[in-house]
Amino acid sequence: MKTFTYSAALAGAITLAAGMAQAEVTLSVLIDNNPETVASMEALTAAYTAANSDVTFDIEQRNGGADGDNIVKTRLATGEMADIFNYNSGSLFQALKPQETLADLTAIDGQANVLDSFKQVVTAPDGTVRGVPFGPAMGGGIFYNRKIYADLGLTVPKTWDEFMANNAKVAEAGKVPVITTFGDTWTSQLFVLADYYNVQAEVPNFAADYTANKAKYATTPAAMRGFEHLEAVFKAGYMNPDFGVAKFEDGMRMVATGEGAHYPMLTFGIGTVKQNNPDNLGDLGFFAQPGPDAGKNGLTVWMPAALYVPEASEHKDEAIKFLNYVASVEGCNTMIGAAGASGPYLIKGCELPADVPPAVSDMLPYFQTDGMTAPALEFLSPVKGPALEQITVEVGSGIRPAADAAALYDQDVEKQAKQLGLPNW
Amino acid sequence: MKRRSPYPYWFVLPAAVVFVTLFLLPTVASFWFSLTRWDLFDAEFIGWDNYRQFFREPFLVQGLVNTLIYAFVTSGAKTVLGLLLAVLLTGGIWMQGFLRSVVFFPVLVSTIGVGITFAALMHPTKGVINLGLGLVGLHGPAWLSDPALALYSVALIDIWKGVGLATLIYIAGLAAISSEYYEASRIDGATRWQQFWRVTVPLVRPATVTVVTLSLISGLRSFDVIWATTRGGPGFSSDVLASVIYKQYQAGFYGLATAGNVILFLLITIIILPLTWWFNKREIDL
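As you go down the protein sequences, you meet chains P and X in turn.
When we follow numbering that gives the first Met the number 0, the leftmost residue of the first sequence carries the number 0, and every step to the right adds one.
When we follow numbering that gives the first Met the number 0, the leftmost residue of the second sequence carries the number 0, and every step to the right adds one.
Simulated from the structure, these hints should not be mistaken for lab results.
Just so it is clear, the structure is predicted and the values come from calculations on it, not from any experiment.
One or more hints might be untrue.
To be verified - Here are the computed distance ranges between Cβ atoms for each label pair:
| # | chain 1 | residue 1 | chain 2 | residue 2 | range |
| --- | --- | --- | --- | --- | --- |
| 1 | X | Phe-104 | P | Asn-32 | 30 to 38 Å |
| 2 | P | Glu-413 | X | Thr-212 | 37 to 45 Å |
| 3 | X | Thr-268 | P | Pro-34 | 42 to 50 Å |
| 4 | P | Ala-167 | X | Trp-47 | 47 to 55 Å |
| 5 | P | Arg-74 | X | Thr-268 | 31 to 39 Å |
All C-beta atoms, glycine included, are put in the ideal place defined by N, C-alpha and C.
Take these sequences, add in the hints, and give me the full structure.
Written as structure tokens, this is what we have:
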């Protein structure tokens, strides 16, 4: 603290001597290492510094997934967190104890531009808003290769049976029907998590009952279907031979270049293709995960991550000013320019350009029709078990049957519910 | 009668301060936190719930069995291979000094680096191992992603990395055996084989005790090679106690993870204490 005062005084003296009244400040930023995240943050900070020469940024990257959770939680708890950091909204945000660790952003100017649907997923139990959106909303569904579909004369499936019929034809043609990348274990969860639109279409109360410890995956047939899908794909042998070690970026490359036909994933993968295989961006298509009923087909939506300011930050005011910029239409356009438009931004008045890649235009109609989207379960319930990704790897690798896996996952979420101190658990 | 320390109290004070603050307090604190639901902000006392929860973890039983398999496989292999390599490398062979350092070299390399390298070498379709097997017409398995094989593949990497240390300890042990024993046994008409079993193996015993104890402990608490290669996967098939604990920690269940560490501590004690006691007893008999 003392050194800080001295250096601040020194900096003050220098700026005064130079005839300026502003104090220079460097804001530390901690973000995940996804290429889209990095590109967006670099563009935002560069633009902000250009307009405010007294503010500079020191960006630090971290891993995503469970490693990232660990880093964020530990650094927050020990008071070592950067002035600004990005992290998931929804259930993972709730696990940060937001009302104690994060600055209250309810009343900052930028919130006026933020859509209410987003504010809900960064609201602490005490009703205060603690984050601003960073990046576009995402769909969870299935990427497909448009060339393969055209060559084999396939149409986008509306039901799971149609999807499996397409897979059979792809396999016959000697291509990989369902790209699987268990080298990044988190990618194994998609068939389960992206099935939530179909779950709630059949069991509208599932999220509330699940949080209240009344509904379970193992005893709700609609919820168990995601696990069964994984099992069905494994049993049919529809995966790539190196499915156990392939990683997320391999998966996006394979579906974009036509090594495989389908890849269940979140739409932020579009940014990865834009970075790694820009020439193939036009071959990438997307559809929502098909369910049992063609009449009730819709998209499971992931809210974007948010930017937060820790309560303990020494530069809270400066950090909040930057967040106001991020939540503005201008900031939103800067992100679109840097990372591309891979989905709708949750800022009022921020429009996507007309020439979006096909995978994005495949997704937008779901957003434009009422009732065609549903948030993923993690935005409706704070209960998410940490072992889901290992359990789905087991099902998808034929180690554990679907029913058994659903029961095991029900046991796993109990720990999280207890840790959060939820009633009825 | 208790023997009085020849040192004054002020002399041992610095060591005592370090011992109490860095070892004793954390150990006591970990026993306390293992009885709480702890999220790093506040800790709520919940009695033995964490221990109950830990033993109800379905993957824990598998993790426990895997830990024992892993520890005994790696420790056994390092002991046997270490002794054989030490005999070979003390036999006055060509370029002995260079070959000794070659065997020891993997010990010096970062474990994480070794893990990442082997993960690439063991890639099912693009890895050097399976490409090599392919050249001679064999179809190599998915070393690290086949659930039946993953744990043993990781154990293999651990053995490769750790055998150098066992060899080094054995080389020192062999050097301590007086050549008179070999001369005497030769005069009595012992063959090389008999010399190995009747002279070398019994007399290199102190080294064996060290190698078995060290490699067993490192096997029981092994984590880094596993985390760098399979992260306990696929699923839970190569999970050991340490990786199960780490995953609880990652998920933010700090009390539960601490309880797991206490269990790991007790497990190591239960296995190592009788073992060293038994070894030491035999030594006195000799």
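Evaluated hints:
For the pair Phe-104/X and Asn-32/P, the beta carbons lie near 32 Å from each other, so the given range of 30 to 38 Å is met. At roughly 39 Å, the beta carbons of Glu-413/P and Thr-212/X sit within the given window of 37 to 45 Å. Our hint of 42 to 50 Å for Thr-268/X and Pro-34/P holds, since their Cβ atoms are close to 47 Å apart. Between Ala-167/P and Trp-47/X the C-beta distance comes to about 53 Å, which sits within the given range of 47 to 55 Å.
The hinted range of 31 to 39 Å is satisfied by Arg-74/P and Thr-268/X, whose Cβ atoms lie roughly 33 Å apart.
When the structure is compared with the earlier hints, no violation turns up for any of them.
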